[in-house]
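Visitor: From first to last, the protein sequence lines are chains A and B.
Numbering of the first sequence is given in my numbering, commencing with residue 1 and proceeding in unit increments.
Numbering of the second sequence is given in my numbering, commencing with residue 1 and proceeding in unit increments.
Since the hints were derived computationally from the structure, they do not count as laboratory data.
Among the hints, a few may not be true.
Straight-line alpha carbon distances no greater than 30 Å define the calculated DSSO-like cross-link-like pairs of lysine-lysine that follow [what the hints assert, rightly or not]:
# : chain 1 : residue 1 : chain 2 : residue 2
1 : B       : Lys-102   : A       : Lys-69
2 : A       : Lys-3     : B       : Lys-13
3 : B       : Lys-71    : B       : Lys-13
Residues on chain A that point at chain B, a partial pick, calculated with CB under 7 Å [claimed, not checked]:
#  : residue
4  : Gln-42
5  : Pro-44
6  : Tyr-46
7  : His-49
8  : Gly-50
9  : Asn-53
10 : Phe-99
11 : Gly-100
One side only, chain A facing chain B, incomplete, derived with CB under 10 Å [what the hints assert, rightly or not]:
#  : residue
12 : Ser-9
13 : Cys-12
14 : Tyr-34
15 : Tyr-36
16 : Gln-38
17 : Ser-41
18 : Gly-43
19 : Gln-45
20 : Leu-80
21 : Thr-83
22 : Tyr-87
23 : Ala-93
24 : Phe-98
25 : Gly-102
Small disclaimer: the values here were computed from a predicted structure and weren't measured.
Backbone N, C-alpha and C fix where the C-beta goes; we use that ideal spot for every residue, glycine too.
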Amino acid sequence: DAKTTQPPSMDCAEGRAANLPCNHSTISGNEYVYWYRQIHSQGPQYIIHGLKNNETNEMASLIITEDRKSSTLILPHATLRDTAVYYCIVRVASNNLFFGTGTRLTVIP
Amino acid sequence: DVKVTQSSRYLVKRTGEKVFLECVQDMDHENMFWYRQDPGLGLRLIYFSYDVKMKEKGDIPEGYSVSREKKERFSLILESASTNQTSMYLCASSSSAGSHEKLFFGSGTQLSVL
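Extracted from the complex, chain B is given alone in its bound form:
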C-alpha cells in the first residue's frame, strides 16, 4: 500500500517563527498536494506539484510556500507563522498515470501557532 508520511503529528510554534512541514511518499508518485482542514470549512488546497521543482498555487496559497527538490518529498513552509494558520495540515500524493487517480493522504499535522 501507498504510504504518505508526515513528519509530525502535532506541532506547536510561536507567531513569527518559520515552520517546515514535511511530507514523504514511497510510491514514486508524480503529484503531491498540501491541504489545510478547518472546522466548518472542509479541506482547502494550498499548493500542489506535478513534478520535481514544479509547483502550482491552490485555492489559498497566501502565507505559504512549498519546496519539491526530490520526487518523494514535498515541504510546506510558513515563512512567518501567524495564529490564523493554526490548522490541521494534510499532505496527499497521486500518480499521473491517468486523470482520475486516487489521492492518498497522510494522517495530518495539527499545527498550533501561539
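If we strip away everything but chain A, and leave its shape as in the complex, we get:
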C-alpha cells in the first residue's frame, strides 16, 4: 500500500482557508485517497475521498494532482471546531485503512 507523508502540524487563522497537503508518490492506479480527522477525545471522522477527480462535499474539497502523487484537503472557511488531527490515507478500499500520524491543524482566533 502506498505510504503518505504529511506535515506534523499547521496553523490557520479562523475564517481563512486551511490547505492540508499530502504526498503519496507511490500511489498505484487503483488506490483511493481518503481523508479523516480526529478531534480531541473523539474517534476519527470521515471527511472525503477521491480517485483522480477533484471532489467536494459539505465539509471540504479534495484536490488531487494530475499525476496523483499528491493531494490537498481544503477547508474553505476554517473555524475553531476544525482544530483536529487530519489523516490522509491511500488504499484500494476502505475496509483496511492505515492511519499514520497525520497533521495537527490548529485554527487560531
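Start from chain A and add chain B according to the hints.
Guide: Coordinates of chain B only, in the frame set by chain A:
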C-alpha cells in the same frame, strides 16, 4: 446518524487479567473493526469482521482475540493483559454496500494495564 458505542470510556486492569472491550453499532453495518491508538504511531488495525462469526487479522493481532456472535456487537478480548497493551482502543463500523463506505468510530476506550 450512526452510533458506535463502546462500553467503557476508561478502564484500569491488572497484568494477567482477562479484559473484554465491547462495541455496539446501531446501523446494521456488516463490517466492524478494532484499532489501537498510541502516541506517535497513529491508529493500527488489530482485527476486523465482515460478518457474524467471521474475523480477520489486522496489522497487530498478537495478544488479542475477537468475538462477533451478533451483527451489532464486536468484542475485543485481551486474554492476559500486559502493560504494553495500555492504549486507546477504537471500534469502528461500516456498511458493505460499496468498497468505499465511511468508517464510523466510537469515542474510544482508554485502557490502562498496571
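Visitor: Evaluate each hint against the coordinates.
Guide: Evaluated hints:
Between B/Lys-102 and A/Lys-69, the direct Cα distance comes to roughly 23 Å. Compliance with the 30 Å bound is thereby established for this hinted pair. Simply put, A/Lys-3 and B/Lys-13 have alpha-carbon atoms about 35 Å apart, too far for the 30 Å limit, and the pair is violated. As the CA atoms of B/Lys-71 and B/Lys-13 are separated by approximately 28 Å, the hinted pair is consistent with the 30 Å bound. Restraint check, A/Gln-42 versus chain B: the minimum CB separation of about 6 Å is within 7 Å; hint holds.
Of the supplied interface hints, the one on A/Pro-44 holds, with its beta-carbon coming within about 5 Å of a beta-carbon of chain B, less than 7 Å. The beta carbon of A/Tyr-46 comes within 4 Å of a beta carbon in chain B, closer than 7 Å, and the hint placing it at the interface holds. Of the supplied interface hints, the one on A/His-49 holds, with its beta-carbon coming within about 6 Å of a beta-carbon of chain B, less than 7 Å. Checking A/Gly-50 against chain B by beta carbon gives a least distance of about 10 Å; that is not within 7 Å, so the hint is violated.
A least Cβ separation of about 14 Å between A/Asn-53 and chain B goes past the 7 Å threshold, and the interface hint is therefore violated. For A/Phe-99, the shortest C-beta to C-beta distance to chain B is roughly 4 Å, which falls under 7 Å, so the interface hint holds. Residue-level restraint check for A/Gly-100 holds (minimum Cβ-Cβ distance to chain B is 5 Å; threshold 7 Å). Hint on A/Ser-9 is violated. Least Cβ distance to chain B is approximately 13 Å, over the 10 Å limit.
A least Cβ separation of about 22 Å between A/Cys-12 and chain B goes past the 10 Å threshold, and the interface hint is therefore violated. The closest approach between the C-beta of A/Tyr-34 and any C-beta of chain B is roughly 8 Å, which is under the 10 Å cut-off, so the hint is satisfied. With a least beta-carbon distance of about 8 Å to chain B, the hint placing A/Tyr-36 at the interface is held under the 10 Å criterion. For A/Gln-38, the suggested interface contact is upheld, since its CB lies about 8 Å from the closest CB of chain B, less than 10 Å.
The interface hint given for A/Ser-41 is met, as the beta carbon of that residue sits about 7 Å from the closest beta carbon of chain B, less than 10 Å. Interface restraint check for A/Gly-43: the shortest CB-CB distance to chain B comes to about 3 Å, inside 10 Å, so the restraint holds. Satisfaction of the interface hint for A/Gln-45 is found here, the shortest Cβ-Cβ separation to chain B being roughly 7 Å, below the 10 Å cut-off. Hint status for A/Leu-80 relative to chain B: violated, with the closest Cβ pair at about 20 Å, above 10 Å.
The beta carbon of A/Thr-83 is not positioned within 10 Å of any beta carbon in chain B (closest approach about 17 Å), and the interface hint is therefore violated. The restraint placing A/Tyr-87 at the interface with chain B holds, with a minimum CB-CB distance near 7 Å, inside the 10 Å limit. The criterion of a C-beta within 10 Å of any C-beta in chain B is met by A/Ala-93, whose closest approach is roughly 4 Å, and the hint holds. With 10 Å as the threshold, the beta carbon of A/Phe-98 comes within range of chain B, its nearest partner Cβ sitting at about 7 Å, so the hint holds.
With its C-beta approaching chain B no nearer than about 7 Å, A/Gly-102 sits inside the 10 Å limit, and its interface hint holds.
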